[in-house]
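J.: First to last, the sequence lines map onto chains W and P. Taking my numbering, the leading residue of the first sequence gets 1, the next gets one more, and so forth. Taking my numbering, the leading residue of the second sequence gets 1, the next gets one more, and so forth.
Note that these hints are calculated values from the structure, not bench results. A portion of the hints provided could be inaccurate.
One copy or two, either will do: identical chains are not told apart, so a pair holds if it fits within one copy or between any two.
[Said to hold, decoys possible] Straight-line distance between alpha carbons at most 30 angstroms, and here's what the computed DSS-like set of lysine-lysine pairs gives:
id, residue 1, residue 2
1, Lys350, Lys298
2, Lys431, Lys162
3, Lys402, Lys190
4, Lys398, Lys360
5, Lys285, Lys125
6, Lys306, Lys94
Number of protein chains: 2
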Amino acid sequence: MLFRIYNTLMIRTLSSKAVDFAGREIRLNGWIKIRRDHGKLIFLDLRDRDGIVQIVVNPHISEEAYKVVQELRPEFAVEITGKVNKRPENAINKDLLSGTVEVEATAIKILSKAETLPFDMGEAKLNLELPTLLDNRSLTLRHKSIFEIFKVQEEVARAFRKAAEKLGCTEIFVPAISASATEGGAEVFKVKYYDYDAYLTQSPQLYKQIMIGVFERVYTISHAYRAEPSVTTRHLSESVQLDIEIGFIDTFEELLDAIELVGTSIVSDVSKNCAKILASFGIEKALIPTEIPRLTLKEAQEIIYKFSNGQRDCRAEQDLNATDEKLICEWAKKEKGSDFVTITHFPTKKRAFYSLPDPKNPELSLSYDLLFRGLEILSGSQRVNDYDQLLSIMKERKLNPKSFPMYLQAFKYGIPPEGGFSFGLERLTMKLLELQNIREASLFPRDTERVDERLSNLK
Amino acid sequence: MLFRIYNTLMIRTLSSKAVDFAGREIRLNGWIKIRRDHGKLIFLDLRDRDGIVQIVVNPHISEEAYKVVQELRPEFAVEITGKVNKRPENAINKDLLSGTVEVEATAIKILSKAETLPFDMGEAKLNLELPTLLDNRSLTLRHKSIFEIFKVQEEVARAFRKAAEKLGCTEIFVPAISASATEGGAEVFKVKYYDYDAYLTQSPQLYKQIMIGVFERVYTISHAYRAEPSVTTRHLSESVQLDIEIGFIDTFEELLDAIELVGTSIVSDVSKNCAKILASFGIEKALIPTEIPRLTLKEAQEIIYKFSNGQRDCRAEQDLNATDEKLICEWAKKEKGSDFVTITHFPTKKRAFYSLPDPKNPELSLSYDLLFRGLEILSGSQRVNDYDQLLSIMKERKLNPKSFPMYLQAFKYGIPPEGGFSFGLERLTMKLLELQNIREASLFPRDTERVDERLSNLK
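Bound-form chain W, shown alone:
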């Protein structure tokens, strides 16, 4: 398809491409990041979606441009025409893609003005407290140290889709409004749905399982809602969840293969395609061995006990806590050269009702967590796929089968052995960049205190 050209304007050049036009005139679009007055010469850092380019404004070259530049402040959106000049060797800026050139302005046009910024956006790091960062989200997202988080997030989603397609999954789109609380529990948001009460789904779990009967293998990116009343650095009220579900598995280990494939593919793609960003966040290259160590919870607990020289004894516990996750990952790194470790066989009663009890020992479930550098990042299980077993587990757990009509319908008609896993997009983004708070990994985080604005402002 041919794009039509309507105007006689010079075509816009992106900052990263300026180097290709040395000696020629180009037109740039972007925002003023910094203006530096050096007596007669004025320098601008212009930001566009590809990076930064330096502009020099010289009244002897263009009196007009020099006049306009007096008015410019940070975040003004502008169009700048100028000649690309090579910089002398000693003035090359290696941090910029355009660092070997600068653009000598012949004309500057203001496209949209900006108010005076409430804080300095010109530094390499934004030294603001989180509430201030979020109160001014529309502005602070423009800072490199912030928006790069979301370039990594975009890559996580892209890598996930690539891995899911490699596994033969079909992409599905599932609803977030549900007639009942998806997995039981009280932490649900209630919606006034016409004359009825409905709820926001806590996960796409039940829908992706239904779809096993249709496509065998599916993936979905959806929203998960948790009315978690406590404030922590690891929970959001609304988050993006990425899910995979795989049918006709022959062995439990096939599911471990799949979760490890997806987890390591994402980390590996991000390492490769966001290498510069990871470096600027001080993140080391991940260790991904050919075989990820796999441990049952019990084995992991024994190792933690020995590895900590008896300092930490979690052998009687039902799960790993944050300290245990760190310790077992330290062990995996030291002993197996791996930043990943897979833990299996968590107690059945600690997992969701659809987790399959191990036929050899029903107290333990065929469940698994994938840990990365001290944090569980993906989690899942083989599922109960027999209709009668599902019904009897629901009864044991005091779940009303009538609340799951569409889900149970699927299992009446031959759902084969299957399983899956999921992860939170913000949680994984946070971990990949070692952010302190999950809110930093959400463009517009929702929690008990904030929906864009602080909720207390609304009362």
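Got chain W sorted already, so can you dock chain P onto it with the hints?
T.: Only chain P this time, still in chain W's reference frame:
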């Protein structure tokens, strides 16, 4: 990454690959679609994610398999081992990828049983009323004529992402919980959000515009919620919306280029990658000329008047109705050899507050709809990007600026000329396959009467 092999089982073969194993033994997984008793021989149609393969069960080959097959009914999930035999020339089934072979069963294992089906799933079309189709959604989705709709839907999403990336857009993830009704109006769902009232967003509009200041060009796939109380064949309460927003545009026409690129790319990719499905739905190949005809609303109205020989006169109206959209598309097909037509310059007061009034005539807005075969499928506009103009329009429209704090914040800091567009995934899927009702194009449609179950069952 190497997959580990744990079992000595023969690796599973997909139905479409059976032809590669003529003369050899393979293992298949799938669901019984049809069982046909031919006296001594029993034939099965086995469905897996890739298609159908015919199984023949002969007691002289395997008495065991012949015994198991007696028990099989439609939708039983099974594992079948058998030898791939070439079919005689006159028995080749050209409708199947596996049509040149059949598999002679040596062993059949039931993986999961199915209850007796409430209706026949063996026919090429499912002759069920829509309510029955939806009441039994977990089952009916397994019918080829139904699940293929969602293979097309998957391709629409894939094509959209491809086109958006071609335009240089960054993928963003935006929230669906909002502190106020996104675009004003009463048709919003209210959520009990901790101690506050919140709403489900009607579109990601405001967030994608904010992100112009960050990434210049963005795309997002999100959910849109409309508490539309009326029952129509074209509305869902929850739908999937695909959005693009593009900053630093030089001309209005750049936006028309972009919407046409995205619209035609999707139709073209679906035509190419889902050709068989389109054919089975009786859909003709789309006419996509190099230049899509572009008309202002006024021009379109004049053409409709003339083209209908004065039978239809909408020249005094503010919009095109369903009949007008059909007529102008008939004209475009006949006169311009195009299944697409772009209509621009709708009255400002008929479009959302963020649509930019045409500076040459503020009564009309710089808005556009892309029509395809008689239906508007994508819609958008250039936006008001000046903070003061935005405030004054909000006041005129009696919108309270305090309801849009994060949105207005973005415009305080230099948002350049920009615009965008969006479309509903279900609506476009419906149109591409000429379905009668939008509910057919949603896996689990939500409307005034249904959230999986009929709501009346819940009272």
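J.: Run every hint past the structure and note whether it holds.
T.: Evaluation of the provided hints:
no. : hint            : result
1   : Lys350 - Lys298 : within (14 angstroms within a copy, 65 angstroms between copies)
2   : Lys431 - Lys162 : both (20 angstroms within a copy, 28 angstroms between copies)
3   : Lys402 - Lys190 : both (19 angstroms within a copy, 25 angstroms between copies)
4   : Lys398 - Lys360 : within (24 angstroms within a copy, 67 angstroms between copies)
5   : Lys285 - Lys125 : within (22 angstroms within a copy, 54 angstroms between copies)
6   : Lys306 - Lys94  : neither (48 angstroms within a copy, 64 angstroms between copies)
In summary, the structure is inconsistent with hint 6 from the numbered list given earlier, while agreeing with all the others.
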